[in-house]
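2 protein chains.
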Amino acid sequence: MILPVAFTGGEIGVWRVERIDAVVGAPLPIVSRLGMVEGQKAIAATATWVLRGVTSDQRYTRRAEHEALTATQAQLGRPEATCAALIPITKSEAWWGLTQDERRELFEERSHHIAIGLEYLPAVARRLHYGRDLGEAFDFLTWFEYPEESRAAFEELVARLRLTPEWEFVEREIDIRLTR
Amino acid sequence: MILPVAFTGGEIGVWRVERIDAVVGAPLPIVSRLGMVEGQKAIAATATWVLRGVTSDQRYTRRAEHEALTATQAQLGRPEATCAALIPITKSEAWWGLTQDERRELFEERSHHIAIGLEYLPAVARRLHYGRDLGEAFDFLTWFEYPEESRAAFEELVARLRLTPEWEFVEREIDIRLTR
Numbered sequence: 001m002i003l004p005v006a007f008t009g010g011e012i013g014v015w016r017v018e019r020i021d022a023v024v025g026a027p028l029p030i031v032s033r034l035g036m037v038e039g040q041k042a043i044a045a046t047a048t049w050v051l052r053g054v055t056s057d058q059r060y061t062r063r064a065e066h067e068a069l070t071a072t073q074a075q076l077g078r079p080e081a082t083c084a085a086l087i088p089i090t091k092s093e094a095w096w097g098l099t100q101d102e103r104r105e106l107f108e109e110r111s112h113h114i115a116i117g118l119e120y121l122p123a124v125a126r127r128l129h130y131g132r133d134l135g136e137a138f139d140f141l142t143w144f145e146y147p148e149e150s151r152a153a154f155e156e157l158v159a160r161l162r163l164t165p166e167w168e169f170v171e172r173e174i175d176i177r178l179t180r
Numbered sequence: 181m182i183l184p185v186a187f188t189g190g191e192i193g194v195w196r197v198e199r200i201d202a203v204v205g206a207p208l209p210i211v212s213r214l215g216m217v218e219g220q221k222a223i224a225a226t227a228t229w230v231l232r233g234v235t236s237d238q239r240y241t242r243r244a245e246h247e248a249l250t251a252t253q254a255q256l257g258r259p260e261a262t263c264a265a266l267i268p269i270t271k272s273e274a275w276w277g278l279t280q281d282e283r284r285e286l287f288e289e290r291s292h293h294i295a296i297g298l299e300y301l302p303a304v305a306r307r308l309h310y311g312r313d314l315g316e317a318f319d320f321l322t323w324f325e326y327p328e329e330s331r332a333a334f335e336e337l338v339a340r341l342r343l344t345p346e347w348e349f350v351e352r353e354i355d356i357r358l359t360r
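Top to bottom, those sequences are chains U and G. Quick note, in the working numbering, the first sequence goes up one by one and the last residue is 180. Quick note, in the working numbering, the second sequence goes up one by one and the last residue is 360.
No lab work stands behind these hints, which were simulated from the structure alone. Glycine included, every Cβ here is placed at the ideal spot set by N, Cα and C. There may be inaccurate statements among the hints.
Unchecked claim - Derived list of chain U stretches under chain G, where covered just means 3 residues or more per stretch with a C-beta under 8 Å from a C-beta of chain G:
1. 47 to 58
2. 62 to 68
3. 81 to 88
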């Protein structure tokens, strides 16, 4: 299903911003609150920035991987998931110039992106939003929700992914940590 | 590269409409002219309908297939290519619920979509535009340009693709034929 989602940075929103780090590339202005607006609902005109994406079909996941993910993963919105992270990412033209088989090879056979993610389920719930076809500054907006006791596990997940061959193609990455 | 493209149906545009057939699903209003607007240029407010898409990364093509295509294919805008076709297509939720490996298997190993297309290069030039992530009515806008003497070959190409297993997932298809 295609669900448009807007992440708004400003002074309103249910998520309190702990920190905004520019991991690679240009930073994003610091804000105190973040909101997530799903569907066609109105967006506060006072937002300092708005990042848009859509949920869409999966681009690399195979059937067996999909089954493993859906058997284990948690839904968004769990009451105990009081921590969240929004990690907007843009990959290089070199990445997008690769063919589907080359990107898949880098993504999973060499970087084990799905396999690593699976190790952190169901503690870390996630949703991927695509912005590239929309002409947005970020190709992907990755959203994660996890309980307080999974903070260290989440740090480990993020650190492991950043060491993969896939990450050599990341030319902009912002790491926004949130609590509610 | 992400290039936004709008196809406008109305009374202006360089392409004269020969016919508009609803192959599957709801028809599109008949118009006399079609225009193609690339990038962020203004669109005539008088257009009867506007179909939007973006060129994007290839979703199924492997390296060897990509090399075969780029070695053979012609560019858009050849003076001798006085015939064109715009074929907007929407696939079913059953298609989009498949995983990447299942869609690839249907697309190429069972339907030979790339292999069939290759047989008609370089006579038929083509460009694919994605509309699904934009929330457009059509998932794909496929655009073809070919010379007068390739009319029969193009009919054959379209007929062969419509007989493939992939096409069982097409729930809306319009066939718009054009000359200039």
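Hints and how they fare:
1. 47 to 58: holds (count 4)
2. 62 to 68: holds (count 4)
3. 81 to 88: Violated, because only 0 residues of the region 81 to 88 of chain U bring their Cβ atoms closer than 8 Å to Cβ atoms of chain G.
Checked against the numbered hints above, the structure breaks only hint 3 and satisfies the rest.
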